[in-house]
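Asks: Residue numbers (numbering that gives the first Met the number 0), protein chains in the order written: chain A, 0 to 275; chain B, 0 to 384; chain C, 0 to 395.
Since the hints were made in silico from the structure, they are not lab data.
A few of these clues could be false.
[Stated by the list, open to error] Only pairs whose alpha carbons sit at most 25 Å apart, straight line, appear in this in silico PhoX-like list of lysine-lysine:
(1) LYS384/C - LYS270/B
(2) LYS203/A - LYS165/A
(3) LYS356/C - LYS165/C
(4) LYS359/B - LYS203/A
If you're wondering where the values come from, they're calculated on a predicted model, not measured in any experiment.
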Amino acid sequence: MYDDLAALASTTDERQFAERAIEFLSRNVERRVDQTTSWGTGPEDLALFHETTDEEERADADAAKAWQRCRWEAGFGWITGPPEHGGGGMPQRYDSLYRLIEVAFDVPDMSPLRLGLGTVVPALVTSGSTYLLDRYAVGIQRGDIIGCQLFSEPEAGSDLAGVRTKATRIEDGWRITGQKVWTSNATFSDIGLALVRTDLDVSKHRGLTMFVIPMDAPGVEVRPLRQMTGGASFTEVFLSDVQVSDDLRVGDVGSGWRVATSALSKPMRRSLTRAS
Amino acid sequence: MTATQALSAGGTLAFTEEHEELRSVVRRFLADRSPETEVRRLMETIEGYDPVTWTMMAERLGLQGLLIPAEYGGASAGFVELQIVCDEMGRALLCAPFLASAVLATSTLLAFDNPRAHETYLPRLADGSLIATLAMTEAAGSWSGTDLTTCAVAVVDGDGDRFELTGDKVFVLDGMVAQLLLVVARTDSGLGVFAVDADAPGVAREPMSTLDATRKQARVSLQNVPGTLIGVDDTSSGPLSAALDRGAAALAAEQAGGARRTLEMAVEYAKVREQFGRPIGSYQAIKHKCADMLLEVESSTSAAYAAGWAIDEHSSEAGVLASLAKAYCSEAYYHCAAENIQIHGGIGFTWEYPAQLYFKRARSSEALLGSPRHHRELLAQRLGI
Amino acid sequence: MTAPVKDAGVDRSRLSEHEFAGELKSFLGARHPGRPPRGTAENLAFLRAWQATLADEGWIAPAWPRRWGGMDLPVALQAVYHREMTLARTPVPPTNFVGIVGPTILTNGTDAQRERYLRPMLRADELWCQGFSEPEAGSDLAALRTRAVLDNEVYRITGRKIWTSKAAIADFMLLLARTGSLESRSRGITCMILDMNAPGVAVRPLRDITGGRYFAEVSFDDVEVPVGNRIGDHDDGWRSARVTLGHERSTSLTAAAVRYQRVVRDLIELARARNQLDDEVVRQELARLITGARLLELNGARVLAQVLHGQTPGPVSSVSRLQHGLFEQRLHEVALDLLGADAMLDARDPRLAQDGKWVRGFLRTRASTIGAGTAEMQRNTIAEKVLGLPADREER
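Using the sequences plus the hints, can you model the full thing?
Replies: Given below as structure tokens:
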């Protein structure tokens, strides 16, 4: 019944991995029946952004987290992650293989976790401290927490390097003030990966630093953005003197642009895999 | 002499000082009575208009009476004057039954030689106390009149003009607030237009949920409803067709006004919004979009008012130009409204920013009174192709 | 040599439009030369003779002062003139004196220059070309490099011009050459009249996409131009040469729009001949073209109406050239669609017969969005000058 899925593997090792994945998946979920191979059938919702009520949103987020936990416990939660942090330490192709197999099963909609897994974790892996990796990357991969992306601002759309949210050094860490816009999932996120300005005296790309901001910190306010369809898939996030400790800094001071660009290039690869 | 020979020889298509005065009076009035907050408020209502504003339009400015002869309390104004008013209303996205009542219904009544109907209805249309609307379109969603099934049966002991109507109409503009319905129905001898009291027993009305909440539309179903015959339309180029042409020409002017406003919005934003250290309007991609929009806005204006001028001059070209204008202005307005959103980037996609209101008005107006495709085919037929 | 021009005795500028049209129609009724012959030499002689007739009879250059051979007509009558000449399908003059050359000399030349050059230009006794574009200076004309070095009373010209229409038959060129540094751009350019028969001038025809040789490259090897041939001041050529007369452009463009409507009717006949007139898609395309041609006319009429009412023409006057270019291209694209497989043929194939004109036009109109200002440059100008959007390049 799953020979077609097992056949996606190219090597013996991959084959074994695929069989383990199939065994895990078939034990926990049904095979997707609405998988379509004929023209004219299939889901009709072509919307780029999904619009749901708050309750639906929270329920979707919880379901996604639960499934992510399930994956983690079976060893499929962080296939490429560093073993010392609970990951599988395997090459990217195993991750791609798992996803190709999982697509055939009726798992919950994982889009509430998309930004956390696709942008926040890669940023922490390339630039974050061990502390950040353990506390947040693992948390996201394990399905405990959800992350969002705090990049765009009203004055920084196409020109992302023009961000103005300011982080000022204080005794115990940093104080952050500013406004982010077009943030997906902020209403149910636990942390946000924030691109902020730490130095006004250098060229705009060099004065940026990346931080992890806990979304429940005092001073963080999330407001839904209503769009022309009538729905609200995005939010504005206002940061008013939000205090974060220095260990929430991701990478060196002034390295924010590099962290952002490498983080943003990752989701592309992942979504290409899914599409195929 | 073709319309344009006269245009270039007589200069009628330059707006006179009186035209400019009318335009500026209407613009000021609408800025006061129909700012965006008011538009958004009325969008959420079923009535879709403000009765106080409506009364002021009639009493202070005589707008509802523009097309109505002076002997019935109107202004006997030209169609170009009416278009200037529609142009400004399109620019302000005024929520009011003006197109329905003052243009389409009024033009329909005037198209038939029926003094009794004129005496009965025109004065009250002119003073704004009566709101009327044309109920024509049915399930097929067209304005061609060939696929109508609503029927009108003569009342046996009536004086020849009393009927009973049964059928279902859709896309009735401002159908919920109209007191007079001008219903197009099939009789034994062809299509007729009937005056129906919207509150008569047997009339059931229901709002339609529209893409463009600034223009209300309704479903109206009729079950043996009494109606008085206004007139019979026995040819495809008869009175009803002339009324629809007027509606199309007025709508074209409204579309031209909306398109011009979206161009203004786009240019204003492009001058002010900075990214990468300079206004986005300094990038050629944005400049070229705006230039293309200007070409469409100016062409829309020329097309719409040429149709209006032809109507005023009773030119044989009036129908040709009305169809030409409706098709062109529809696509031009849509394109400009879409580009306006594009030039605004993310903010253009939000509910709160006005760009989306124009976009929805544009797309909806494109379909109203017949699609561009329909009107281009009409244009070809009218030219004998 | 030059026949004396009959003194343009009749002042028609005060006639009513109806009377003027009547007089022009009766002149054309009597003197219309018919269709031009095909062969190159015969064609040119025919067109020159017709132009001489117009000049001698006082029916040429409606916007020019009568002193210099024109008709000095008010705008309304200029419009009638162009419309009637178009409707009567009169031949087009062999060289463009309306565009820039004549008005430049008229407006910025000395009396001696006007005396010497204008009437022979109007009679087509002397033919003209325009030396502006260069290989390195197309859209960015201010970057032109053809050098003019002042040496006593003579400018010595070295350099190259390209895309010069009709250079092979021209007697004179209106030349823009660099007298200042390259950095000085438009402030270091001088305008002058160059004798195409002077030693050092070489004309090499450019073969274009149509196969024809309408354009040429002109090279100058130390060509002498007397200082007396300079138009305007030294280094002031940029300003001197950017002259168009009054509303010549808008009146003649409106006439072009009338011509398009005839072309669209020809296209409808093509569709009919090919049994495609019942095809819904074809009908839609034709309706779009009918609309496009009418819009050109209506926009032109609106400009004219503004002028006649003493108003400064608004933004509608800035879109016409762009709109014309785009329309011409679309028109021919639709024509080739209608030709179906015949679109694979060259105009000379007998299968096409007179439909070959569509193929020729199709190729020719690739230049409609390039010549005399590319569509992109036109959009830049509209955006910056009309809409006030900020410039992104060095000011010209």
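Asks: Honestly, which of those hints from before does the structure not fit?
Replies: 4
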